[in-house]
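We have chain A; now place chain G onto it with these hints.
Residue numbers (the working numbering), protein chains in the order written: chain A, 722 to 1497; chain G, 722 to 1497.
Mixed in with the good hints, there may be bad ones.
Straight-line Cα separation of at most 20 angstroms, PhoX-like style, residue types lysine-lysine; simulated pairs [to be verified]:
no.	chain 1	residue 1	chain 2	residue 2
1	G	K744	A	K927
2	A	K1140	A	K1112
3	A	K1474	A	K1497
4	G	K1295	G	K1284
5	G	K927	A	K744
6	A	K1020	A	K1140
Incomplete in silico selection of chain G near chain A, CB under 10 angstroms [claimed, not checked]:
no.	residue
7	P743
8	K744
9	E872
10	F891
11	Q893
12	E922
13	L948
14	P951
15	N953
16	G1182
17	D1191
18	G1192
19	V1194
20	D1234
21	T1236
Just so you know, these hints were derived from the structure itself, not from any lab. The beta-carbon is built from N, C-alpha and C at its ideal position, and this holds for glycine as well.
Protein chains: 2
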Amino acid sequence: MQNVAEEFDIIGKRVPRIESVPKVTGAIRYIADMVLPGMLHGKFLRSPCAHARVVSIDTSKAEKLPGVKLILTPDDIIGKTRPVGIFPPQNLYALHQEVRYVGDEVAAVAAVDEETAEEALALLKVEYEELPAVFDPEEAMRPGAPQLHEEAKNIRDIKRVRVGNIEEGFRQANHIFKARFQTSKQAHVCLETHGCLSSYEPTTGKLTHWVPSQMIFFNRLDLARALNMPLNKVRVIAPDGIGGAFGSKCTTASHDICAALMSRRLGRPVKFILSREEEFLATISRHPFIRDAEIGLTKDGTIVAWRERTIQDIGAYADIGQWTGVVTLASTPGTYKIPNVWADNYLVYTDKSNSGAYRGFGNPQATFARESLLDIAAGQMGMDPLELRLKNIIKPADLPYTTSNGLIVRSCGMEECLKKAAEAIGWGSKRKANTGVGLSCTINWGGDKGGDKNLFDACFGSALVEIAVDGSVTVRTGNSDIGQGLYTTLAQIAAEELGIPLDRVTVVGADSDTTPPDMGCYASRSALVTGSAMKRAASEAKETLLKVASKMLEVDPEDLMAKRGKIQVKDLSKSLPIEEVARAAYFTNMGGDAGPIIGRGVWTSQTVPQNADGYGNFVPAYAFAAHAAEVEVDPATGTVRITRYVTAHDTGRVINVHAVEGQIHGATGQGIGYGMLEEGLTYDSQDGHLRTPSIMEYKLPTAADLPDMQTFIVEAIDPDIPLGNKGVGEPGIICPAAAIANAIYDAVGVRIKDLPITPVKIMRALQEKHDAVKAK
Amino acid sequence: MQNVAEEFDIIGKRVPRIESVPKVTGAIRYIADMVLPGMLHGKFLRSPCAHARVVSIDTSKAEKLPGVKLILTPDDIIGKTRPVGIFPPQNLYALHQEVRYVGDEVAAVAAVDEETAEEALALLKVEYEELPAVFDPEEAMRPGAPQLHEEAKNIRDIKRVRVGNIEEGFRQANHIFKARFQTSKQAHVCLETHGCLSSYEPTTGKLTHWVPSQMIFFNRLDLARALNMPLNKVRVIAPDGIGGAFGSKCTTASHDICAALMSRRLGRPVKFILSREEEFLATISRHPFIRDAEIGLTKDGTIVAWRERTIQDIGAYADIGQWTGVVTLASTPGTYKIPNVWADNYLVYTDKSNSGAYRGFGNPQATFARESLLDIAAGQMGMDPLELRLKNIIKPADLPYTTSNGLIVRSCGMEECLKKAAEAIGWGSKRKANTGVGLSCTINWGGDKGGDKNLFDACFGSALVEIAVDGSVTVRTGNSDIGQGLYTTLAQIAAEELGIPLDRVTVVGADSDTTPPDMGCYASRSALVTGSAMKRAASEAKETLLKVASKMLEVDPEDLMAKRGKIQVKDLSKSLPIEEVARAAYFTNMGGDAGPIIGRGVWTSQTVPQNADGYGNFVPAYAFAAHAAEVEVDPATGTVRITRYVTAHDTGRVINVHAVEGQIHGATGQGIGYGMLEEGLTYDSQDGHLRTPSIMEYKLPTAADLPDMQTFIVEAIDPDIPLGNKGVGEPGIICPAAAIANAIYDAVGVRIKDLPITPVKIMRALQEKHDAVKAK
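So here's chain A without its partners, still in its complex pose (with noise of 0.2 angstroms):
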């Protein structure tokens, strides 16, 4: 790993996570250790059927069961609450008169207890009217195909990208390879299922809604349009403790809105938390994809054409499904320098579950097809994989370069990141039989995603640096700590520019009543772009002190710095202790200088949306990564095992090295996982049932899966970015699962397209090429 700048003494150093002690001794508290005098416990009433319309619902018997309070059915919400999302027709409402999948909700009962709650599903009596249902997204674009939704077909949209001229891109190809490639509907599998926790106060009309969410922010706008209430009327507050999201807590669920809807009925605190079952059957998962991808390329290797016709299984409703739709379709003229793209994404519904946010947000699906494909061309080219990789990037030289497709960036360290990888790997020299190596590349969008133009036009995160007396440190965040340290990086960013030691800073995070708004955690967004606001914040904070002690010091203001914990003048010629600057900006009457010091950042990405044809500029940075597996392949049963493991990564300024391994470690974990063991949520092609309803049947990767991994950091400073940086949440689940498949190709010679890559699939593929060496 590099060194980072000298000229930081915080940032950029390995730095233990402040919340570390309290959450391995179990002190932070999570939404389901919350208990609220009165608090009754509600329970959805899931539907058994794929498609089915909701006849009636008999709530007599269950109503009579002592320590029932309140049973809602549709006809409590639809009229009655607004519906919310942003993507209509999609999870409008928090209870449904059409069911459209195993597992949607539609009633719910509130009781003293759990067990009560549970009891009372039981004598909920329900007449459904079946209606044809529809799993596979290809048997659903079809003319007849039974259809999910009267608003909409089930081919919800087509996004599309139409860049330079495809014909003429095709026509220019000495070479075209094509493939199909399909991936598969990860589930999220947090530590900590998801669960809220509501209390309407009915003396002040404000409803207090405890959820461990990624966005705050979004909660309260959704609640307060499905509740019809005034925005400053909601509060949402992300506990300290939330077990993971990786994109999984971002929108808000019918338990969100059932908790608030009831806890406002009855004015008592309602809680909510979902079985894992329930978590497997009706939140959200990664989009399944099928893509059919061709390439078009030169003699020398210069890819002139990229076309892609994809198939993506929204499920029910679409959640934020529209938007994977549209940045996923970025991720190969980003990657490489391609004049010529025509892309075709149809979001397509099913009676499953919604597909959503999932870390990476289309990009893992995107770059195992592109970066699989990228290797058939080479392969049959007889071009090596890192040359043809090398010739195609973005290189420093080209900076600042403008793709295809609008993305404009500005930093760009792919180069050094494949050369890492492949020369930590071994790149070309010898191996023994049945061992292989693959690699595979990516940009990364860091930051937000300016997808919509009714919403997410600018981006914002913001926060407030308070000094108090003694010179210690108060930094408010809207943003969410979800487990990858948010918080940590943020005390560093404002001790570094406040010259402080970071002990002296502490976070007050994630409750809309009392931090400033913010975007929330997604889309490697939090270092990046609250960071940013931090840093400017921290720098508002630092003028005041600086104002202050060019009083003190009778120097100018412009002449001093903050540094180790004082106010130096720049010649070191004199200096203050923060401290004592901080006590007369306080207490010292100083014509009007002294008050509480109160620093505010505001940072807005300046981003472009996609139009039509998919072009815009719709990050503030991207990064880029190149990963490089070892896999040793048994050809006696397919098993795959990873005997080395690189990853390089272009994060820009690293902040915290503990925190950018930590992403890198656990995203490429998730992306091994991806790649080798994960069915992901499978059903049942008749009744549309789960057959993955615990992780007895979901097949996590564990730690004994996972190789010991190298990682690389370069940091290709982005120029538009206070601190540089470009958002490391996201690349590392990225390029696994195509590196894994092109180090299997290289070791035994099989091609496998659809995730993820077993041993079933492999020795299927070895028998296929066996006979057909043998037929030959």
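Okay, now just chain G, sitting in the frame of chain A:
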């Protein structure tokens, strides 16, 4: 009541308090309502001796009592915590090795419930070595008197005024009058007794301390100092429910320190709630004064000299007694233009509970003496008391006027107040026998008392105003609403500035982690100082709206205004609803202007602390008031009935008419209790035991004891304050005693010079007068 200026939509109206319904319905939570998991209950062992050394404490039996978790003795405190407070030696430590009044804290017990804690107290064996005690301040001043402190004499301090030339002043005087006045040790008797709940989290090292406080940021300072913690590791929160304060909930008390310390030692929350008896025994009360006052006047009634010598009984420790010593001296040359003033104010320790801050802060005592002596002078000189006052007050033509002791008066409605009060009471009209009228008037300091150079040169408020996407507004203040309706006033100020209806504003308050630093609620300062900061914060938020709207409407920001829910061109040609502008600010990429709308306001009083001669301008603005009482005295019983009562207050700009009237009525009622009913805390002169340990003995006025009041508000707008308001929390309590004393004299010709004016004192005086007449 005169109408407020027409330019305001919300300011100056009668606005019901935003917390009325939650308070009246019991929804608001007080400290007593709060329960945390694992919470323990704390109790004090209090000294039965007025002055003693604690020789030993045997805790062995108490420790063995099941449910007892911790016993603190002075050994745990002294040398192991840091002393708190501004004026040493004072209530430095939470427990005492040398006790100095009956009720002083000796030990503290934390147990699983209050009963167990009480039981444990009974098992503590303390050996005391009794020391001589002194209860009378004049006795305490004598040579050879028992001394309370090693570090300081009983005469803790002498505060002086030396302005003009007092000898020359008295030489010029044609008439000189002199009298001694005495006042009582009035208790605050808040509905809610003192208490706190402290919770220390060992893994984060963070202390959270809930306390019904007027000054959370000061409590934070004290707790951090006592426990040797950085300020950002101490979170002090005032609950929404505070059951009255009147100055009694400013300073950090023994229970605060002990609760915090116990929680840190045990890792469990600890709660203290004082009983009503403890409240009378061991919390602060008003300083009793013995004031010898002397006035010199020329023939025409011009006051040319004022001399006073005051003994101020500060109790066992100084608390903020030093401050009352400083500010009370400013009262007389502030109310009247007096060129030559001499004062000596002795702050004297006695073996009684501490005197401290109480609404009026020395001014009720000072004003009783001054206004009584003025009527004595008028009577002796054959002048009309109203004329005498009018002759000597500051008049509009004098403005700006600097008093002889340095107060800079920029607005003064005293003349109008006096005339309105006199006219309404029917001054000069004939009355039936035993009926009389009396007047009194005063200056009041609104804002901060810049009395201490180390801490209080500058006194600040701050505020944050956040506008949400839907145009609803959340304002944050570190100040407390102690029952006076401050939060409604602050919401009005923000709503007015932003041009939106009041119900679109919510107030979040008094949490040192999440609300901006504010010196808190004392000295009639909140609407003035915090209100000014709030106006600035709202104005800054408005600037963002105007900037964004100027782009939307293509109009200069200077041509726009926020009014009636809209951003309007000033010529009313175009407008946009505020919610549309807010949405655009958040969600439209406007070249860097977009993002959260957060306005930040700081307001610092530009004051000059008094120097050693008592010269200085220690608050930003001065309010004025005149009261007139009509009384009927029954000469057979001495019973006084107030038949009419008129208050006229120059408050500067009125924000909420309801709140201002509420302050005036409430304070006047308290002032009438002070004048006529409350003997205050009284003690056995032998052993120092409290004779008034409950409301049975302590005689509070009830609604039946109070007259209807006629209230005039004079809005002499202060040019130096953003809204021109001057503070109204205190003046009401200052005037009643003298107005009533003067009315009684007018009715039956007897002058009572010590408070309260009881039937017994009147009967005795009538008897003396009768005897004197008979003797002639």
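Quick rundown of the hints versus the structure:
The straight-line distance between the Cα atoms of G:K744 and A:K927 is roughly 15 angstroms, inside the 20 angstroms bound, and the hint therefore holds. Taking the CA atoms of A:K1140 and A:K1112, the gap is near 12 angstroms; set against the 20 angstroms cutoff, the hint holds. Proposed proximity of A:K1474 and A:K1497 is contradicted: the alpha carbons are some 24 angstroms apart, above 20 angstroms. The hinted pair formed by G:K1295 and G:K1284 meets the criterion: a straight-line CA distance of about 12 angstroms does not exceed 20 angstroms.
Between G:K927 and A:K744, the direct Cα distance comes to roughly 15 angstroms. Compliance with the 20 angstroms bound is thereby established for this hinted pair. Of the supplied pair hints, the one linking A:K1020 and A:K1140 is violated, its CA atoms being roughly 23 angstroms apart against a limit of 20 angstroms. Taken as an interface hint, G:P743 checks out: its beta carbon lies about 4 angstroms from the nearest beta carbon of chain A, inside 10 angstroms. Of the supplied interface hints, the one on G:K744 holds, with its beta-carbon coming within about 9 angstroms of a beta-carbon of chain A, less than 10 angstroms.
For G:E872, the interface hint is violated, since its Cβ never comes within 10 angstroms of a Cβ in chain A; the closest pair sits about 25 angstroms apart. Restraint check, G:F891 versus chain A: the minimum CB separation of about 36 angstroms is more than 10 angstroms; hint violated. Taking 10 angstroms as the C-beta cut-off, the interface hint given for G:Q893 is violated, the closest approach to chain A being about 36 angstroms. Proximity of G:E922 to chain A holds as hinted, the smallest CB-CB distance being about 6 angstroms (cut-off 10 angstroms).
Evaluation of the G:L948 hint against chain A yields a violated restraint, the C-beta minimum of about 13 angstroms exceeding 10 angstroms. Restraint check, G:P951 versus chain A: the minimum CB separation of about 4 angstroms is within 10 angstroms; hint holds. Nearest Cβ of chain A to the Cβ of G:N953: about 4 angstroms, under the 10 angstroms cut. The hint holds. Residue-level restraint check for G:G1182 holds (minimum Cβ-Cβ distance to chain A is 8 angstroms; threshold 10 angstroms).
A least Cβ separation of about 5 angstroms between G:D1191 and chain A falls short of the 10 angstroms threshold, and the interface hint therefore holds. About 8 angstroms separates the beta-carbon of G:G1192 from the nearest beta-carbon of chain A, less than 10 angstroms, and the hint is met. Here the hint on G:V1194 is kept, as its CB sits about 6 angstroms from the closest CB of chain A, short of 10 angstroms. A least Cβ separation of about 5 angstroms between G:D1234 and chain A falls short of the 10 angstroms threshold, and the interface hint therefore holds.
The interface hint given for G:T1236 holds, since its Cβ lies 7 angstroms from the closest Cβ of chain A, which is under the 10 angstroms cut-off.
The structure shown violates the earlier hints numbered 3, 6, 9, 10, 11, 13.
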